[in-house]
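K.L.:
Going down the list, the sequences are from chains A and B. All residue numbers for the first sequence refer to my numbering, where the first residue is 385 and numbers rise by one. All residue numbers for the second sequence refer to my numbering, where the first residue is 385 and numbers rise by one.
Don't take every hint at face value.
Heads up, the list lumps identical chains together, so a pair's fine if it works in one copy or across two of them.
Computed cross-link-like contacts, BS3-like style, restricted to lysine-lysine with a CA-CA straight-line distance of at most 30 Å [unchecked claim]: (1) Lys554 / Lys470; (2) Lys417 / Lys563; (3) Lys506 / Lys554; (4) Lys470 / Lys506; (5) Lys506 / Lys563; (6) Lys417 / Lys540; (7) Lys568 / Lys623; (8) Lys470 / Lys568; (9) Lys417 / Lys568; (10) Lys417 / Lys554; (11) Lys623 / Lys417; (12) Lys417 / Lys506; (13) Lys470 / Lys563.
FYI, nobody ran anything at the bench for these hints, they're computed from the structure.
2 protein chains.
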Amino acid sequence: MHRFFVQPEAITGDNVSISGMQARQIARVLRLKPGDRIAVLDDTGWEYEVLIGSSADDTVTGEIVHRERGTAEPAVTILLYQALIKADRFEFVLQKGVELGVTCFWPFISERCVTGMPSESKLERWRAVIREAAEQSGRVVLPALYPPIDFELACKDSPVPGIILWEGEKNRGISTVLKSHAFKETELLRVFVGPEGGFTSAEIELARRRGIVPVGLGKRILRTETAGLVAVSAIMYEKGELG
Amino acid sequence: MHRFFVQPEAITGDNVSISGMQARQIARVLRLKPGDRIAVLDDTGWEYEVLIGSSADDTVTGEIVHRERGTAEPAVTILLYQALIKADRFEFVLQKGVELGVTCFWPFISERCVTGMPSESKLERWRAVIREAAEQSGRVVLPALYPPIDFELACKDSPVPGIILWEGEKNRGISTVLKSHAFKETELLRVFVGPEGGFTSAEIELARRRGIVPVGLGKRILRTETAGLVAVSAIMYEKGELG
């Protein structure tokens, strides 16, 4: 069943009214007709099965015939702090991160970033990537994308345990940290991933002073967009989220 | 230092002679000159540091000034059986798989594959993707890409333990299997990943009869190209290869 995150105002009681691009997608692209069913999500954790009553390019209406709490949200909350990297790689991180269960994305700018600030239209596009990945992967809460901030601000003091991926960290691997008491206990975790050129030693030192733990990911050199995904996979595996 | 996998005949004693596209890459694109250093790999597990003596578009020569055994190869051997999927996704699997330490790739064709057999030039391109990823990630042994085979042949009896990723497997998650005795003990592992439309029940049954264990990857629905990468990440994590 096709899934759609809609604005809360699209749902009134048991009635659903979808307009704009999503109506077009349902009526024109997917050619869904009265009597077909879709899944509708309002970002509250509920999933609604909707029987389509009318389907036109500008408006699709329907009725909720079943509702249930979604079960695909992970028990662990991962806040992924990703340096701005080339736009296609950034989209990759968003798409795969959503599939894996990341809760929110904080882009940041650090010394070796070579990509400028994303335009408002780029941010819109990235939100669409997140929404599509969330619809496809079964999420019922839409992961957030925050506006880019400076690395120093991203590292600000926080009670949430954090790790920072660093190829220069040869002694402390991610599994050592994830199996430590502090990380075993927490259900909230910050993960920092650098730009293509990595972090400077000064940035690692800054993070360390703020309590964020530098970790390595083994002997092979991973691209930045791979590193974040591998780290999130490892966390989800350790937390029992991969089954 | 830039790294290059070369043909064995490029090395004679301490002398290295590189021709063709790689010479062009070194001389023209990277503009490396006599006195610069490169790392040369001959797919034997050794890594050679080479001092460039002459650099022209058609031939680059140099002398080995240092040699050491590479340390980036994983202790676990993963044979990744990946269904043929859209070419850009297949390249993604190859690139990320190499970074993560996969030893060889076996493409296969199953019932729901919608992509045809790759042409010889496509296979050549895929081998180049593997070589570049291996050079970039620090590998010293070049992962192999085998010619595509039928799923049934891919599942043939083998003493090597295997898992097959299946979204229909709700009870047995990957961690249960990886923590079992048989998988804890083995240093060789086959991983089967289906096409965009997944495996049929008959294919899962066939695999099961051949001793390949169906496993789930948790509650979220992963795209095929994400699933293989997440499974390999989990295996590498479990085997202590992520540090």
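K.L.:
The structure should be examined with respect to each hint, and the outcome stated for every one.
P.N.:
Hints versus structure:
1. Within a single copy, Lys554 and Lys470 get their C-alpha atoms as close as 27 Å, which meets the 30 Å cut-off; across copies the closest is 37 Å, which misses it.
2. Taking CA atoms no more than 30 Å apart as the test, Lys417 paired with Lys563 passes in neither setting, with 51 Å inside one copy and 48 Å between copies.
3. Neither within a single protomer nor between protomers do Lys506 and Lys554 lie at most 30 Å apart by alpha-carbon distance, with minima of 36 Å and 38 Å respectively.
4. Taking the closest pair of Cα atoms, Lys470 and Lys506 come within 30 Å of each other both inside a single copy (12 Å) and across two copies (26 Å).
5. Proximity of Lys506 to Lys563 under the C-alpha cut-off of 30 Å is found in neither arrangement, the shortest distances being 38 Å within a copy and 43 Å between copies.
6. With identical chains, the CA atoms of Lys417 and Lys540 are never at most 30 Å apart, being 51 Å at best within one copy and 45 Å at best between copies.
7. Taking the shortest Cα distances, Lys568 and Lys623 sit within 30 Å of each other both inside one copy (8 Å) and across copies (19 Å).
8. For the homomeric pair Lys470 and Lys568, neither the shortest alpha-carbon distance inside one copy (33 Å) nor that between copies (39 Å) is at most 30 Å.
9. For a Cα distance limit of 30 Å, the shortest separation of Lys417 from Lys568 qualifies neither inside one copy, at 49 Å, nor across copies, at 51 Å.
10. In this assembly of identical chains, Lys417 and Lys554 lie within 30 Å of each other by CA distance neither inside one copy nor across copies; the values are 58 Å within and 32 Å between.
11. In this assembly of identical chains, Lys623 and Lys417 lie within 30 Å of each other by CA distance neither inside one copy nor across copies; the values are 42 Å within and 50 Å between.
12. With identical chains, the CA atoms of Lys417 and Lys506 are never at most 30 Å apart, being 33 Å at best within one copy and 40 Å at best between copies.
13. In this homomeric assembly, Lys470 and Lys563 never come within 30 Å of each other (Cα to Cα): the closest approach is 33 Å inside a single copy and 37 Å across copies.
Hints 2, 3, 5, 6, 8, 9, 10, 11, 12, 13, counting from the list given before, are not met by this structure.
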